[in-house]
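Q: Protein sequences, first through last, are from chains A and B. As numbered in the numbering used here, the first sequence has no gaps in its residue numbers, which increase by one up to the final residue, 245. As numbered in the numbering used here, the second sequence has no gaps in its residue numbers, which increase by one up to the final residue, 245.
Misleading hints may appear alongside valid ones.
Listed next, the in silico BS3-like pairs over lysine-lysine satisfying Cα-Cα at most 25 Å (straight line) [what the hints assert, rightly or not]:
#	chain 1	residue 1	chain 2	residue 2
1	B	Lys197	B	Lys208
2	A	Lys216	B	Lys216
3	A	Lys231	A	Lys217
4	A	Lys224	A	Lys197
5	B	Lys224	B	Lys208
6	A	Lys217	B	Lys231
7	A	Lys197	A	Lys217
8	A	Lys223	B	Lys224
9	B	Lys208	B	Lys231
10	A	Lys216	B	Lys224
11	B	Lys197	B	Lys231
12	B	Lys217	A	Lys216
13	B	Lys223	A	Lys223
14	B	Lys197	B	Lys223
15	B	Lys208	A	Lys216
16	B	Lys217	B	Lys231
17	B	Lys208	A	Lys223
18	A	Lys208	A	Lys231
19	B	Lys217	B	Lys197
20	B	Lys223	B	Lys208
21	A	Lys224	B	Lys216
22	A	Lys216	A	Lys231
23	A	Lys197	A	Lys231
24	A	Lys208	A	Lys223
25	B	Lys223	A	Lys224
26	A	Lys223	B	Lys217
27	A	Lys217	B	Lys223
28	A	Lys223	A	Lys197
29	A	Lys224	A	Lys208
30	A	Lys197	A	Lys208
Just so you know, the hints here were simulated from the structure itself, not pulled from any lab data.
2 protein chains.
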Amino acid sequence: MTKAAVKLTPASAAQKPGDKPLPVAADSESATDKVAEAITQGIRTGIFVPGQHLLEPDLTRRLGISRGSLRESLKHLAAAGIVTLNRYRGAYIGLLDRTASLQLLDTLEPLARLAARLAAENCTTPAARAQIEQAIADLDRAARSGNRAHYLESRRRFYDAMIDLGGNRELARVIPLSRTDLFRAQIETVQSDTQRKRHASGYGPIAKAIIAGDAKKADLAVKKHFDGTRKTMAELPENIFPSMT
Amino acid sequence: MTKAAVKLTPASAAQKPGDKPLPVAADSESATDKVAEAITQGIRTGIFVPGQHLLEPDLTRRLGISRGSLRESLKHLAAAGIVTLNRYRGAYIGLLDRTASLQLLDTLEPLARLAARLAAENCTTPAARAQIEQAIADLDRAARSGNRAHYLESRRRFYDAMIDLGGNRELARVIPLSRTDLFRAQIETVQSDTQRKRHASGYGPIAKAIIAGDAKKADLAVKKHFDGTRKTMAELPENIFPSMT
DNA sequence: TTCGTCAATATCGTTTGACGATTTTATCGG
DNA sequence: CCGATAAAATCGTCAAACGATATTGACGAA
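Please work from the sequences and hints to get the whole structure.
A: What follows is the structure in structure tokens.
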């Protein structure tokens, strides 16, 4: 039961006297939403690292909320797979080994293909086309900027736009519950530039097919995108995955 | 074992007339798991009906737990889509209209087909075959018994067996997060006997294909099963769905 | 009667404090 | 250095309280 080799302490992980408050959107409605926002954002920015142990006293201080609200939020995040809860041992940021990553891809792929098909079928108005075009433009810009958090968020927004356009509310509910964000955050830290470029370039054809209203082509573009991601996975060395003893 | 300890409800928490404690498995580990168990079970048995308003004071009394633990649990159930939370208005058992039901089927179908394919591919040992055979036998018996809760639970266990056999942990995590149980509980109250029979008979071919190790056939059997469910949906009158006024 | 206004009530969101249970760590003797 | 015990840290749960918001019901006017 060795501690997974997550000794990669983020830039500002010192919590003893540092006690830096976590950045959080000012328009947070409820305290518990604030936690979910801070943690998911923190994963994207790298403040939180997959596998990291989350301590309740620390988080309550840094977020400025009570323990009850924090625990409510952690339960929510646990249901979404973003954190895992161990009785009497606390919450950990989710961590995926190679097998889990491949299984995640297998599970997400049919959902993403469905989302793309639905989006293509519903992309009939100029407004819809404009929305997809803006999302892909943002994603493209973010990819070139090299800002990891910006890229991950733009990518998430592209998916959101696609799902929204599709109009299937259940799909919109389920897809974020897959641990894609976690997977992306983990991959992003270890893949090469060419691999990152290959990933980013996969979204172009998807957007193009959706805008063209070609469901069949959109489906295929997503499939190709996933195959590319699997290829990247295969190229990655084993030692970047947790030992999972 | 700790049943007596749990029952230490102080005199101040006297039950109102008609306030029956909810049945809960004695081996419940944590208080918050107890709530989730009680509510999902209650939906199957009909104690809770879709759309029902859940009051915190009532639930804390009937479950014998504190408000904090209850709220943690409600957050978890909300993430799973079983209940919906409205700020300052409380929790409601989820409710699906016709559109939501059809969208649910569209979302779940590719996941169920994947699960069936994986199960068929992994059904190579006698033990695996025995497990599926037992699950389908239980389901068949429950279907004939006419006990609604028993049927819904056996059906859930059949799915669990299939998913377990497939070995994809992410799929095992995501499928229960779709609101199938909710959908089934709603349908079960309004469908005719022939419709119920049609639904129950759909599982036989799935199990058969899995046991035969024929992934292609298992996939197709699931597809047929979903088409049958859509047919049932189309036959149901509109007035059984919430008015949404 | 019916409708809108306003106070009373009920419920929710959140905080604070406390206690036992369990894990983790630190200490000490071999 | 290693294992056993004591101390500390952390988690799970409960209880009580307060303001914020929603719902309910009474009241008066058209």
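Q: State for each hint whether it applies.
A: Quick rundown of the hints versus the structure:
no. : hint                 : in the structure
1   : B:Lys197 to B:Lys208 : 18 Å, holds
2   : A:Lys216 to B:Lys216 : 21 Å, holds
3   : A:Lys231 to A:Lys217 : 21 Å, holds
4   : A:Lys224 to A:Lys197 : 15 Å, holds
5   : B:Lys224 to B:Lys208 : 14 Å, holds
6   : A:Lys217 to B:Lys231 : 29 Å, violated
7   : A:Lys197 to A:Lys217 : 21 Å, holds
8   : A:Lys223 to B:Lys224 : 24 Å, holds
9   : B:Lys208 to B:Lys231 : 23 Å, holds
10  : A:Lys216 to B:Lys224 : 22 Å, holds
11  : B:Lys197 to B:Lys231 : 13 Å, holds
12  : B:Lys217 to A:Lys216 : 23 Å, holds
13  : B:Lys223 to A:Lys223 : 20 Å, holds
14  : B:Lys197 to B:Lys223 : 17 Å, holds
15  : B:Lys208 to A:Lys216 : 32 Å, violated
16  : B:Lys217 to B:Lys231 : 21 Å, holds
17  : B:Lys208 to A:Lys223 : 30 Å, violated
18  : A:Lys208 to A:Lys231 : 23 Å, holds
19  : B:Lys217 to B:Lys197 : 21 Å, holds
20  : B:Lys223 to B:Lys208 : 14 Å, holds
21  : A:Lys224 to B:Lys216 : 22 Å, holds
22  : A:Lys216 to A:Lys231 : 23 Å, holds
23  : A:Lys197 to A:Lys231 : 13 Å, holds
24  : A:Lys208 to A:Lys223 : 15 Å, holds
25  : B:Lys223 to A:Lys224 : 24 Å, holds
26  : A:Lys223 to B:Lys217 : 22 Å, holds
27  : A:Lys217 to B:Lys223 : 22 Å, holds
28  : A:Lys223 to A:Lys197 : 17 Å, holds
29  : A:Lys224 to A:Lys208 : 14 Å, holds
30  : A:Lys197 to A:Lys208 : 18 Å, holds
Going down the numbered hints, you'll see the structure goes against 6, 15 and 17, while the others check out.
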